[in-house]
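Model the full structure from these sequences, guided by the hints.
If you want the building blocks of each chain, they are given just below.
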Amino acid sequence: MTTPHTLFEKVWDSHVVHREHGQPDLLYVDLHLVHEVTSPQAFEGLRVAGRPVRRPDRTVATVDHNVPTWSRSLPVRDEIARTQIEALRRNVAEFKIPFYDMDSPHQGIVHVIGPEMGYTRPGMTIVCGDSHTSTHGAFGALAFGIGTSQVEHVLATQCLSTPKPKTLLIDVKGALPTGVTAKDLILGIIGIIGVDGAQGYVIEYAGEAIRSLSMEGRMTVCNMSIEAGARAGMIAPDETTFSYVKGRPQAPQGKAFDAAVGLWRGLASDPGARYDRTVTIHAGDLAPTVTWGTNPGMVVPVTGKVPDPDELKSPDDREASRRALEYMGLQPGTPIKEIRLDRVFIGSCTNSRLEDLREAAKAVEGKHVHPSVRAMVVPGSTQVKLEAEREGLDKVFLDAGFEWRESGCSMCLGMNPDILGAGERCASTSNRNFEGRQGRGGRTHLVSPSMAAAAAVAGHFVDIREWSYGGNGR
Amino acid sequence: MKPFRTVSGIALPLDRVDVDTDQIIPKQFLKRIERTGYGDFLFCDWRNRSDGTPDPTFVLNRAEYQGAPILLAGRNFGCGSSREHAAWALSDFGIRAVVAPSFADIFQSNCFQNGLLPVILADAEVRTLMSRALQTPGHEVTVDLESCRVTDKKGFEASFEVDPFRRECLLKGLDDIDLTLRNVDRIRAYEEARGAAG
Ligand code: SF4
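If you read the sequences in order, they're chains A and B. Sequential numbering from 1 applies to the first sequence in our numbering. Sequential numbering from 1 applies to the second sequence in our numbering.
Keep in mind the hints are simulated off the structure, nothing from the lab. Using N, Cα and C, we set each Cβ at its ideal position, and we do this for glycine too. Check each hint, because a few of them may be wrong.
[Unchecked claim] Derived, one-sided and incomplete: chain B residues facing chain A with beta-carbon distance under 10 Å: (1) D45; (2) F103; (3) R186.
So this is what it looks like as structure tokens:
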């Protein structure tokens with residue numbers, strides 16, 4: 001009998017180009033995603049050293065972080081952002097890399113377009129100069145973020161030498177209760193294991209609750225693996241995965257697809273495979289979740305209250321929580337549902353796919369955004385936007401008083417003109433509530449799309465399980 | 001890459017946990033297309049008050065710590081975004097080594113790419129150094145990569161572990177890409193073996 005292997009080990013081992021004692025494995029990279037912010041210095045490095053891009057055909061580029069989301073026909077007004085976008089245009093032309101520019105129907109957040117176009121497939125190794133590359137692990141790919149020097153390394157060699165991470169199994173038992181989404185699940189997990197709980201590990205998510213998630217939900221979970229410090233997050237591919245990939249433009253077609261599925265079926269972890277660590281989560285214990293502080297591990301159920309730092313054990317945590325509350329302008333003991341909001345952002349690579357927009361639209365249909373709230377929806381890709389418009393979701397949002405934008409990262413990190421003002425409080429479907437993430441002095445609370453949408457209408461957080469859907473509410 | 005052997009000098013105590021790369025270098029400075037010139041923006045939003053004037057109480061602004069090549073920090077330093085700009089900003093500011101109980105993975109790897117040494121010591125050891133640096137501003141520490149030890153003149157001594165391959169690369173200032181390109185035949189063979197299936 002052969003030794004049982006985990007999903008991660010199978011993907012890792014099949015990509016080792018060279019193994020030498022005392023050195024990290026040299027790993028082959030199947031797909032390298034490139035965007036405007038973390039690539040210019042890498043291309044410059046290639047030019048200085050006179051090196052070509054080894055496999056432009058395994059490289060794909062788009063613009064997402066900096067692009068304005070008001071209108072695609074206007075020039076980019078921010079001069080430095082424009083320089084960066086133009087630098088990428090020159091680089092992809094010079095090195096002959098496939099590129100989805102601002103006006104392309106396939107432009108979008110790099111982690112949304114990869115899966116959407118079928119570039120992302122089970123069993124692959126995928127890297128990008130962006131920490132949320134972990135998103136692609138939802139397909140049973142090994143996908144992780146790298147720095148700019150490594151971007152240059154992959155451009156030049158199509159390989160990466162990197163220490164082998166350990167494996168962490170997160171087994172989610174039971175089914176998610178009604179109103180509890182993939183976003184609440186991953187926020188709950190980070191709350192339990194901590195923002196450094198998976199440092200040095202690749203997480204494999206398994207269990208009933210994971211199996212019953214759509215691909216969109218799985219992407220949301222894997223996306224935020226990095227928020228628990230993990231190198232990557234992975235989910236074994238299954239029928240849900242195969243039917244998502246089938247027919248996408250870059251996926252194998254016809255017989256080639258069937259053959260690929262045959263291989264992909266073998267990727268799941270073998271029975272008895274060993275992990276370095278296992279954590280069990282009971283889905284039934286989870287509730288719609290809101291972050292109260294300045295990192296994604298500072299979470300509380302929507303029915304809860306802002307916690308009291310004095311009740312924490314470690315002095316480091318007490319100090320961090322005090323700072324967080326001060327920054328967030330919150331008092332311990334305040335019920336979460338009483339926190340009033342100024343802004344709502346529905347978007348980002350965590351929650352900007354069609355399913356997310358459908359969920360949000362359902363919560364606001366026939367209602368109107370609270371007069372003191374400014375709310376916006378930023379689709380994850382131009383395709384998501386077009387599809388949503390075909391379904392009439394744009395109308396639902398616009399009628400409810402939301403802004404309906406072009407696709408991009410937008411207010412997830414506020415590198416474009418979409419930012420929070422100092423002191424403004426925002427319910428956001430993105431992934432990071434760090435100080436200043438959405439604008440200096442801005443206060444971010446992370447939530448699911450339906451919770452964000454309902455909060456926009458109510459003007460404060462609400463428990464989505466008590467929301468009255470449809471009709472005539474304000 | 002410039003080699004790293006040993007560094008001695010003032011220790012800068014940043015006594016916070018989970019310091020993320022959005023704080024180390026805020027996003028408004030990521031639009032540049034160069035690798036240099038980020039030092040002035042290091043911890044920009046913590047160094048400056050909202051009216052734009054420097055916050056004299058923030059440790060980076062205090063006169064006693066100017067010129068420090070060693071940064072002391074709490075656990076999970078460098079979490080969040082993969083931006084290598086964080087390592088560039090620290091280097092550019094003059095930091096050569098960061099000592100903390102733990103580091104986020106991508107940040108740690110970015111440090112090694114830039115001749116910046118991340119040193120992991122036990123909680124209690126970092127606490128000792130942190131207290132000394134806070135109580136005696138200007139307190140000097142030595143980080144030695146050859147012997148893998150951190151010492152000070154008050155008798156502090158701790159050893160640290162570092163991946164032997166990364167240590168070698170840092171000590172010699174080796175270029176990663178050159179190293180990988182020595183395997184170009186193996187890369188080609190791998191690509192051919194996988195053929196169309198790859
Ligand atoms: S949406 Fe946010 S987290 Fe995702 S890639 Fe863009 S900036 Fe990064």
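The hints, checked one at a time:
1. For B:D45, the interface hint holds, the least distance from its beta-carbon to any beta-carbon of chain A being 5 Å, beneath 10 Å.
2. About 8 Å separates the beta-carbon of B:F103 from the nearest beta-carbon of chain A, less than 10 Å, and the hint is met.
3. Interface hint at B:R186: satisfied, since its Cβ lies 5 Å from the closest Cβ of chain A, which is below the 10 Å cut-off.
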